[in-house]
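> Listed here are the chains, written in short residue letters.
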Amino acid sequence: GENVEQHPSTLSVQEGDSAVIKCTYSDSASNYFPWYKQELGKGPQLIIDIRSNVGEKKDQRIAVTLNKTAKHFSLHITETQPEDSAVYFCAEGEHGGSQGNLIFGKGTKLSVKP
Amino acid sequence: GAVVSQHPSWVICKSGTSVKIECRSLDFQATTMFWYRQFPKQSLMLMATSNEGSKATYEQGVEKDKFLINHASLTLSTLTVTSAHPEDSSFYICSATTELNTEAFFGQGTRLTVV
Numbered sequence: 028g029e030n031v032e033q034h035p036s037t038l039s040v041q042e043g044d045s046a047v048i049k050c051t052y053s054d055s056a057s058n059y060f061p062w063y064k065q066e067l068g069k070g071p072q073l074i075i076d077i078r079s080n081v082g083e084k085k086d087q088r089i090a091v092t093l094n095k096t097a098k099h100f101s102l103h104i105t106e107t108q109p110e111d112s113a114v115y116f117c118a119e120g121e122h123g124g125s126q127g128n129l130i131f132g133k134g135t136k137l138s139v140k141p
Numbered sequence: 000g001a002v003v004s005q006h007p008s009w010v011i012c013k014s015g016t017s018v019k020i021e022c023r024s025l026d027f028q029a030t031t032m033f034w035y036r037q038f039p040k041q042s043l044m045l046m047a048t049s050n051e052g053s054k055a056t057y058e059q060g061v062e063k064d065k066f067l068i069n070h071a072s073l074t075l076s077t078l079t080v081t082s083a084h085p086e087d088s089s090f091y092i093c094s095a096t097t098e099l100n101t102e103a104f105f106g107q108g109t110r111l112t113v114v
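Protein chains in written order, with the numbering used here: chain A, 28 to 141; chain B, 0 to 114.
Check before you lean on any hint, since a few could be wrong.
[Claimed, not checked] Using C-beta positions, here's what the derived DEER-type ranges look like:
1. Ala71/B <-> Pro35/A: 29 to 35 angstroms
2. Lys84/A <-> Glu58/B: 28 to 34 angstroms
3. Ala1/B <-> Val47/A: 27 to 33 angstroms
4. His6/B <-> Ala56/A: 33 to 39 angstroms
5. Thr81/B <-> Leu67/A: 35 to 41 angstroms
6. Asn94/A <-> Cys12/B: 26 to 32 angstroms
[Claimed, not checked] The following residues of chain B were derived to be distant from chain A, with all beta-carbon distances above 10 angstroms:
7. Val3
8. Asn69
9. Ala71
10. Thr79
11. Thr81
Everything labelled a hint here was simulated from the structure, so no lab data went into it. Idealized CB from N, CA, C, for every residue including glycine.
Kindly produce the complete structure, drawing on both the sequences and the hints.
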């Protein structure tokens, strides 16, 4: 079945450094790849997403890259700040149909040390 | 962006009782709503997909008679945990997609504790 592998499970960086989280997927039909930030006790919040017709997308300090051939996509956060500390989940849209039917990675707990 | 409101944000109930969780799309019509369960320090696991006016589609291993889903309108879906047991304690999260089906918007989650 579909599967999303996410690495690392925990990541600690110094404030101002960059953070990179990587995900791989198995379903070649997937064409929607969102990233969510989840703070303790709250629901996931979409921070950036990418569709399979592009290879990179950037929004201020956040960027996502997609390599469809290798079936992996990555989240890049530059100039990290303490408020970036949270759990980040990657996900893939199943069969490119309903974008809401998502398969999630296991999450990465990011800690940004001041 | 679109807002999805979930209520209650937390609930404590006794074993054997039923609990209803509401998921509302506040400023858009949600053609499809999804219910997830998240155990501590784990990922979100899809429980069921709900389309307005039709029966929910449950994922393998999810008991449809225990987790009753109703999606009576384009702005409201409810999840009822029937005869709750301590092992049902979890964080339940809903999401909704718009009629354009471009992205999913998540509610803030409901922390259920069964004692």
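> Determine for every hint whether it applies to the structure shown.
Structure-based check of each hint:
| no. | hint | result |
| --- | --- | --- |
| 1 | Ala71/B <-> Pro35/A: 29 to 35 angstroms | 43 angstroms, violated |
| 2 | Lys84/A <-> Glu58/B: 28 to 34 angstroms | 30 angstroms, holds |
| 3 | Ala1/B <-> Val47/A: 27 to 33 angstroms | 29 angstroms, holds |
| 4 | His6/B <-> Ala56/A: 33 to 39 angstroms | 36 angstroms, holds |
| 5 | Thr81/B <-> Leu67/A: 35 to 41 angstroms | 29 angstroms, violated |
| 6 | Asn94/A <-> Cys12/B: 26 to 32 angstroms | 46 angstroms, violated |
| 7 | Val3 | 8 angstroms, violated |
| 8 | Asn69 | 18 angstroms, holds |
| 9 | Ala71 | 19 angstroms, holds |
| 10 | Thr79 | 19 angstroms, holds |
| 11 | Thr81 | 23 angstroms, holds |
Against the hints set out earlier in the document, violations occur for numbers 1, 5, 6, 7.
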